[in-house]
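Construct the entire structure; sequences and hints are all you get.
Residue numbers (the UniProt record's numbering), protein chains in the order written: chain A, 1 to 519; chain B, 1 to 362.
Accuracy of the hints is not assured; some may be wrong.
[What the hints assert, rightly or not] Stretches of chain A that chain B covers, calculated by requiring three or more beta carbons in the stretch to come under 8 Å of a beta carbon on chain B: (1) 147-154; (2) 180-188; (3) 316-323; (4) 434-442.
Note that these hints are calculated values from the structure, not bench results.
The structure presented is a predicted model; accordingly, all values stated were derived computationally and were not measured.
We put the CB at the ideal spot given by N, CA and C, even for glycine.
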Amino acid sequence: MFLRTLDNKLTNQIFYSFRNFPKTALSFSATKRLSSEDLIQIALSNVKVKKPGDWTRVKEFVFAHESNRSQFYGAHNIDGIIMGTLGRIERLDLAQSYLKYLQSELTKPNLATLGRYLRLLYDSAKDKITEAQEQEILSICMEIQRNNSILDSRTLENMALPLSLTKEWQKCFNIIQEIKRTSSVSTTVYSAVAASAFINNEEDLAWNLLNEVLSLDKLPLSVAFLSYIEVLKKQKRKVDLVKLLTFFKESEMLCHEEVVNGILKDFNVGQKTTIKFSGECQNCLSKLKKLELTDAEFSELKEVFFKNAIIGKDLFIKTNPDEMRKFQQFVNSMEQYDVVLDGLNIAYSTGVQKGPEVFSRKLCSVISHFRQQNKSVLMLGRVHMTRWPKNNWHYIKKNSSIFLTQNISQDDPYLLYCALHSGKNTIIVSRDLMRGHKFLLKERKYKILFNRWLSQRQYFLSYVDDNGKASFRIPPHFSVMTQKIDGIWHVPYIPEGNGTLNESYHKTWLCFGRGFGSN
Amino acid sequence: MVLLIIITLLIPDRGLEAITKGDKELEHKLKVIILETEVLRQDGKSVPSNEYMTAEIWENMLKLPSRSGRTKYLDFLFRTSKKKHNKLVKKLEKRKTYEEQLANKKLSPKSLPIEEHALKYGLSFNNIFIRFNDSTMNNFYNSRLIQAIQFGQKLAIDCGYDQNMTKRENQYTAKQLNLLFAENRCNHDPFDIHYVNLNKESELTKMFYKHVPTMFDKEFPMNSHEKSYLDLFPKQKLVYLTPHCREEMGSFDHDAIYIVGAIVDKVNHEPLSLAKAKREGITMRKFPLDRYLQWGSGSGKSLTINQCVAILLDLKDTGNWNYALRHVPRRKLSDTTTVSNNFKHSYNTPESFSSRKKAYEA
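Here it is, written out as structure tokens:
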């Protein structure tokens with residue numbers, strides 16, 4: 001026995017030694033190359049750059065480094081890589097010294113190097129730009145344009161950012177048009193240009209740009225809002241802060257903490273606060289509202305959802321015509337339910353290997369929870385659930401209406417559609433976040449409506465205790481979006497550090513109090 | 001710098017006109033993309049050398065809508081170009097040592113006396129076999145296929161998904177079709193494989209044709225049809241193998257005609273084969289992958305087409321799932337050591353022979 005295992009081990013070893021090819025200098029992917037940034041950092045810590053001439057030694061170090069055995073770094077890309085690293089570690093002084101070095105070597109910096117340098121200029125000057133910096137940006141951009149009849153989108157983007165800080169910021173619009181021909185324009189560029197439009201008193205233009213970003217299903221960056229706040233402060237137009245808040249309210253976007261900090265610092269209004277689960281603001285004690293969908297919005301959402309998520313491109317991928325007909329018959333004759341349950345999601349909530357006895361008991365507990373509150377229940381499941389233990393299945397059948405999809409169809413879209421069809425107040429019980437179905441709605445408008453509807457209707461099953469009592473995480477009694485209650489503005493924000501809002505949605509609010517914008 | 005850009009624009013100049021066909025907007029776009037590639041190269045991104053960039057590649061680049069898509073494509077090209085280059089270098093080295101050996105031999109042509117020469121067994125010494133040529137082996141393998149065409153079990157490969165796949169996916173599919181053809185004919189009892197729904201104009205067929213240039217020859221034992229399996233075989237015998245259905249395949253049915261979808265879904269994970277079989281009302285089965293294997297996390301449960309056919313071949317041979325599923329890549333399973341003790345990787349070890357024997361007896 002022992003011999004045999006040893007034997008097996010040996011064959012394994014031989015087998016694996018065959019599989020791991022000997023690592024030669026030739027095989028490119030065998031040894032992982034250091035990232036260019038790390039390599040330059042190592043070079044910079046080994047070679048101290050005091051005068052421009054020292055850069056020769058930095059280059060030599062990189063070329064001779066062991067991770068450059070494949071000679072990936074060479075004269076053709078070293079300039080761009082060095083400038084890129086200097087940009088990331090924000091060393092403007094070194095970058096300028098490198099440009100001087102290139103000049104002394106009589107080489108003109110290539111487009112990548114200049115692009116990286118411009119980006120670095122933007123990062124260092126975006127808070128406060130000096131006359132000299134402005135001149136430098138303009139002359140570099142002029143030179144690039146003079147030397148090239150066409151430009152690629154990367155370089156254009158790197159030009160647009162610093163140009164937006166200068167007096168020739170309106171050139172950015174041409175650049176944006178040019179970028180659009182081969183690529184999409186990044187939010188960074190849009191936000192930077194919008195920021196400069198605010199600063200140059202072209203407010204309408206700025207708002208248009210921001211709305212364009214939203215229509216592309218992207219979110220504008222804080223820099224645009226911060227510059228608007230700055231302008232308002234300079235022109236003593238505290239009242240117009242309402243415009244910003246209205247933008248947040250209408251777009252239903254969440255701003256970042258830095259914007260809130262900007263408001264707090266520049267204007268003597270508002271206070272960070274916590275909202276109670278019931279929606280009561282701890283600061284001003286007014287009660288936040290749930291933003292409901294209007295009837296028109298609701299029926300529109302229902303229609304779009306049916307078209308995109310249930311039918312889709314090919315009916316057969318999710319279902320088949322026979323089942324579809326049954327479903328439509330069922331929906332048309334359906335009464336209104338208070339609760340719609342995702343049967344299998346509840347059953348499988350503690351794992352899929354517990355066995356049908358546990359699955360069915362879980363579902364029974366949830367159903368009894370709602371039946372005790374005298375609510376009508378609809379359960380969606382799959383055909384194979386009928387093979388669950390008889391007594392539990394009997395209880396489920398007796399206490400809820402049931403629609404079973406075939407074993408090979410998706411059931412989530414049906415669940416959502418049934419809930420949509422059942423009416424605005426129907427509760428959904430599922431732990432699924434339904435992101436995939438939201439994505440299928442495509443347009444931002446419908447995604448927002450869907451989100452608004454689902455986030456107020458979805459119960460998450462937390463656990464079922466030993467006595468069969470179910471507990472849920474239920475949605476709060478207010479909507480997490482900018483709102484004006486009794487003339488008092490409340491703004492939720494994304495806290496710095498962790499980018500998600502899931503856990504702390506009630507803690508991160510800004511309350512403006514009664515003194516502001518109440519007219 | 002001006003000079004540099006002009007040079008980069010001149011290199012693909014021959015193909016430039018052919019690609020854009022006089023469309024001014026497209027020409028502008030191409031020029032920008034060429035410049036973009038150059039800037040990416042200057043920036044230290046992995047971009048293949050200019051000599052490697054053919055007109056065909058530029059044409060593909062033009063079709064990619066986003067910058068990140070183009071950057072990824074360039075990265076892919078860079079890797080393949082390096083691989084090709086390394087292969088070439090190795091080949092040259094090998095050739096050099098071979099030529100050296102040859103030269104040494106010529107220097108001492110009759111170093112061995114006749115007795116010793118006769119005693120030594122090996123190539124270019126004493127040998128009872130004549131040299132086997134590739135064509136001999138091909139003929140031998142093809143004769144097996146001809147036998148399969150007459151008596152063997154039929155297997156359909158549904159090549160009708162070319163429209164649903166990207167260029168790269170089509171490329172992988174063609175490669176896998178080639179592999180499965182080779183693996184099948186090496187088996188001692190191969191399937192009679194029918195490539196159905198094979199549109200001769202499709203990208204997939206063109207790439208497949210590159211691998212197997214004799215595929216449409218009459219005397220070549222390969223069945224390709226533009227028709228569907230529904231027109232070729234009795235419907236009640238058909239079984240579509242699709243991973244998205246719920247019914248597992250129990251034992252191997254030697255009368256059934258199994259259908260394997262020729263699809264690589266890297267981008268689009270929609271259950272296309274499920275939808276197709278559902279629409280056509282064909283029985284569906286999936287491999288009992290969860291019943292027999294402990295899957296690790298991460299790499300997913302997808303199998304290549306040639307792996308599926310290899311599994312079917314072994315299953316036909318032994319009827320033993322444990323044995324047939326040895327073709328599932330080890331990296332996808334949770335515990336490599338126990339698995340590699342249970343199943344063997346190669347036919348050629350004595351243990352694999354004994355396990356095969358055991359599989360037969362089981």
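Results for each hint:
Evaluation of the coverage hint for the stretch 147-154 of chain A: fulfilled, as 7 residues show C-beta separations to chain B shorter than 8 Å, against a requirement of three. With 4 residues having a beta carbon nearer than 8 Å to a beta carbon of chain B, the stretch 180-188 of chain A meets the requirement of three or more and the stated coverage holds. Counting residues of the stretch 316-323 of chain A whose C-beta sits closer than 8 Å to any C-beta of chain B gives 3, which meets the bar of three, so the coverage hint holds. Coverage of the stretch 434-442 of chain A by chain B is violated in this model, with 0 residues showing a Cβ closer than 8 Å to a Cβ of that chain against a need of three.
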